[in-house]
Amino acid sequence: GESVGLHLPTLSVQEGDNSIINCAYSNSASDYFIWYKQESGKGPQFIIDIRSNMDKRQGQRVTVLLNKTVKHLSLQIAATQPGDSAVYFCAASGGGADGLTFGKGTHLIIQP
Amino acid sequence: DAGVIQSPRHEVTEMGQEVTLRCKPISGHNSLFWYRQTMMRGLELLIYFNNNVPIDDSGMPEDRFSAKMPNASFSTLKIQPSEPRDSAVYFCASSIQGAGTEAFFGQGTRLTVV
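Chains as they are written, first to last, in my numbering: chain C, 15 to 126; chain D, 388 to 501.
Bear in mind the hints are in silico, worked out from the structure with no lab data behind them. Computed from a predicted model, the values in this text were never measured in an experiment. No incorrect hints appear here.
Derived BS3-like pairs: lysine-lysine, alpha-carbon spacing no greater than 27 Å straight-line: (1) C/LYS56 to D/LYS455; (2) C/LYS56 to D/LYS465; (3) C/LYS56 to D/LYS411; (4) C/LYS82 to C/LYS70; (5) D/LYS455 to D/LYS411; (6) D/LYS465 to C/LYS118; (7) C/LYS70 to C/LYS118; (8) C/LYS85 to C/LYS70; (9) C/LYS56 to C/LYS118; (10) C/LYS118 to C/LYS85; (11) D/LYS465 to D/LYS411; (12) C/LYS118 to C/LYS82.
Chain C on its own, in the form it takes in the complex:
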């Protein structure tokens, strides 16, 4: 089956700096990857996704990079704002697995 892990449980960045959150997955057959943001007391909220036929995808202030060779995924947030403070999860699916397998999450802390 799939296992998904994040490299750091907590990441602290200065407001205005760029944030990079990393994630690794185990199943080379996984073909869909997604990042969620979860604020306290709320459900996970979609940020951006990417399929295995791509290695980069950009959204508004966010970029997801996929390296299938080393099974690594990253989320880059440009010009981090106080509202970006949350727990960020990466998730993967495919390779015969139904549903999304989530990593444990990285808590992004924004320092003024």
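Take the given structure of chain C and dock chain D to it, following the hints.
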């Protein structure tokens, strides 16, 4: 659209009691997922329905847990009898095409079993 709607938002029950969690997916979505979130284990997929049919329930912890989806607009997750270790936040999510697409999550039900 109101999004995925879960009820209740909070539930406190005594050990041994039956607990029923409810979910209304987004209209038009044909896949529904139940997840459980704890500090120790993170977000775990419990069961997944496609077109109201359970596809994968391998994540359901044990026989005390059961889930139904009688129609496209309603699903329940039942725990009977409940135990303190079932305390967690339970999320329902729905998507338009099943696995491999963006899932929209509800606000969750925080269950406390005392």
